[in-house]
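J.: Sequence:
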Amino acid sequence: MRKQIILAAMGSAILFAACTSKKATTRSTEATAGEVKKNYTEADLADGKAIWQGHCNKCHKLFEPTDFNVNKWNKVLPTMTKKAHLTDDEAGKVTAYLVSNAKQG
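So in numbering that gives the first Met the number 0 the end of the sequence shown lands on 104, straight run, no missing numbers.
There are no misleading hints in this set.
In silico DSS-like cross-links for lysine-lysine, where the CA-CA straight-line distance does not exceed 25 Å: (1) 71 - 37; (2) 81 - 102; (3) 74 - 36.
Derived DEER-like restraints, expressed as beta-carbon distance ranges: (4) 0 - 86: 51 to 59 Å; (5) 34 - 0: 54 to 62 Å; (6) 36 - 86: 21 to 29 Å; (7) 88 - 33: 15 to 23 Å; (8) 87 - 31: 13 to 21 Å; (9) 0 - 88: 56 to 64 Å.
Keep in mind the hints are simulated off the structure, nothing from the lab. Glycine residues also receive a C-beta, built at the ideal position from the N, C-alpha and C atoms.
Start from the sequences and build out the full structure, keeping to the hints where you can.
T.: Structural data, given as structure tokens:
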């Protein structure tokens with residue numbers, strides 16, 4: 000009987016743990032062109048370009064902003080900015096620069 004109670008308690012704990020929502024622990028670099036225009040200045044975009052030119056070619060070829068559309072940049076950039084050890088501010092500026100100059104469509 001005691002074994003059944005322990006198993007039932009463990010099963011309930013696992014069930015409740017599986018049902019809880021998980022909070023995102025990664026920084027959000029996802030952006031749209033409209034958000035970029037609203038939240039970043041031309042100076043921020045220039046900073047983003049400089050950071051992109053200075054960091055992103057250290058590990059791979061420097062992809063042009065127009066090589067990808069906004070969705071692709073938003074998919075790739077969270078991992079890449081983390082690997083490049085960019086601060087949240089730097090990552091935001093790089094994202095803003097690339098998204099604002101991304102391929103349309």
